[in-house]
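Chains as they are written, first to last, in my numbering: chain W, 2 to 279; chain Y, 1183 to 1411.
Check each hint, because a few of them may be wrong.
What the hints assert, rightly or not - Subject to a maximum C-alpha distance of 27 Å in a straight line, what follows is the list of computed DSSO-like cross-link-like pairs (lysine-lysine):
| # | chain 1 | residue 1 | chain 2 | residue 2 |
| --- | --- | --- | --- | --- |
| 1 | W | Lys245 | W | Lys171 |
| 2 | W | Lys40 | Y | Lys1213 |
| 3 | W | Lys136 | W | Lys102 |
| 4 | W | Lys191 | W | Lys167 |
| 5 | W | Lys40 | Y | Lys1277 |
| 6 | W | Lys227 | W | Lys255 |
Just so you know, the hints here were simulated from the structure itself, not pulled from any lab data.
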Amino acid sequence: MYLLQATKEGISLVLFMGTLGMLVLTIGLIMFIIFHQRKVIRYQLRLQQMEQLQQQILLNASIRLQEEERQRLAADLHDDAGPLLATARLYLNENLVNQDKATQLQSIYQARQILDDTIQLIRNISHSLMPPTLKNFGLESAVNDMFQKISGSGQINASSRFHEYKDRLKPEKELIVYRVVQELVNNILKHSNSSFIHLTQNMQNGSCLVRLHHDGRGIVQTDFEKLNKSNIGLGLKNISSRLKVAHGNILFEKDASQTYYKVTIEIPRDDPYESLAV
Amino acid sequence: MAKTKTIENLFNYLAFFSDLLPCLLFFIFLKKSTSIKPLWIVTIYCVYDFLTNIGLLYLDHKPSRVFLYSSFTFFEYAFFVWILFLFIKNAVFKKFIIGSSLFFTIFIITYNLLVKVIGIDSIPIGVEAILILIFSFYYLYEQMKDTETLFVYSRYSFWIVLGMMLYLAGSFFIYIYASQLDPVQVGKYWIFTNIFSIIKNIFFAIAILLHISAKSKSEKINYKVYSLN
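Chain W on its own, in the form it takes in the complex (with noise of 0.2 Å):
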């Protein structure tokens, strides 16, 4: 009101504080703007920063267990091929300098023998490369097949159910899902001393839910996403990037009775960025 009754006089002082009021108003606003937005930005070239961190250590992560897999893979085969087929030479060449035909027979069996369970040894080696049941019969065949193995070892009791699993995944998605649960039942048999894993699996919004519960010792979201970030944890790195691929997420919990660890995956069954491809 009072700058609708200014007098004259007053209209002078009423001008300047005015001008200046507003002058400092907008400019006040427009620094405001400028500041937040510089905020934001930085907050983002941050995040930015520490996402490509997170692929950094994922990368290095893969790579390492890559060559942990190949050392594994060499070992195999230089300790336990490499001296079965030198033995089984040592066999055949004896066949060549002892003319003796009953010798001969009984080196030429032994040789067989010693090929036969190389042939076994590399099918092992193979197998544990890529197992024939999940290539042949699917994701839940082997899984099965998996618990079942863990279950005749006595050591644990471990079961697994397939409620909606008519349509099969991609065989790809199928092998990233089986890796994820060999990797997580491997780490539950070696870390957790729980007296049963029991997995099952259902169909949720398009995306197939993969559930593990376990009795034992075990980790949650936060914990994971620690173990993620740090230098150690190269098999729960490992979970991380193969599910990156297949767009799936992976969820650690405790059950809602304090009593069970519970471990999610979900992989959506179509790709989200499949139809975007050329």
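Since the structure of chain W is provided, determine the placement of chain Y on it from the hints.
Using the frame of chain W, we list chain Y on its own:
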């Protein structure tokens, strides 16, 4: 006293001729700025402002001066709102701008028909300033939300809006009180309007230069890409 008068005159001339600065830049770099509609509008506005100032300088006929002031308020609003309409992306707010502009047009016509304006049409100028400031604030809000822009001041549109905002905010109170003051007093305070008018024209010129330099940079990058191929 004489010194003050000289300074006032200096600002009067500077404000008067500063309108030509954006126009000159626009026409010098016509090839690079011809495709940008807001720059065309800014240039036409500056030419119009310059011509109105010439008219006010030489016209002694009072009703003609009043008509010149009133029409300038309307056209200034039209130019500014058109520029903001082109800059703002939100469709709902664009509808709000159209509605507000219709209201302003009806208001200014009714005001000029019903109220006998003696000098400057303070009330329509006040309404114009408030509306343009609201639209400008919304433009800034939109820019704040937009994360595609690395820095808001790297856009030529920011400098145009900044010029408009500072000019309207700085001269708001002077225009409001202009009808209540005698011509001598108005002349005394007119220096503020002149200063903000100069600032506005400088910012318009910066906007044109910024657009030209951005365009030159992008042309250079394109050339590099082609030469690599």
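Against the structure, the hints:
no., hint, result
1, W:Lys245 to W:Lys171, "holds (16 Å)"
2, W:Lys40 to Y:Lys1213, "violated (37 Å)"
3, W:Lys136 to W:Lys102, "violated (46 Å)"
4, W:Lys191 to W:Lys167, "violated (32 Å)"
5, W:Lys40 to Y:Lys1277, "violated (31 Å)"
6, W:Lys227 to W:Lys255, "holds (17 Å)"
Violation of the numbered hints given earlier is confined to hints 2, 3, 4, 5; the remaining hints are satisfied by the structure.
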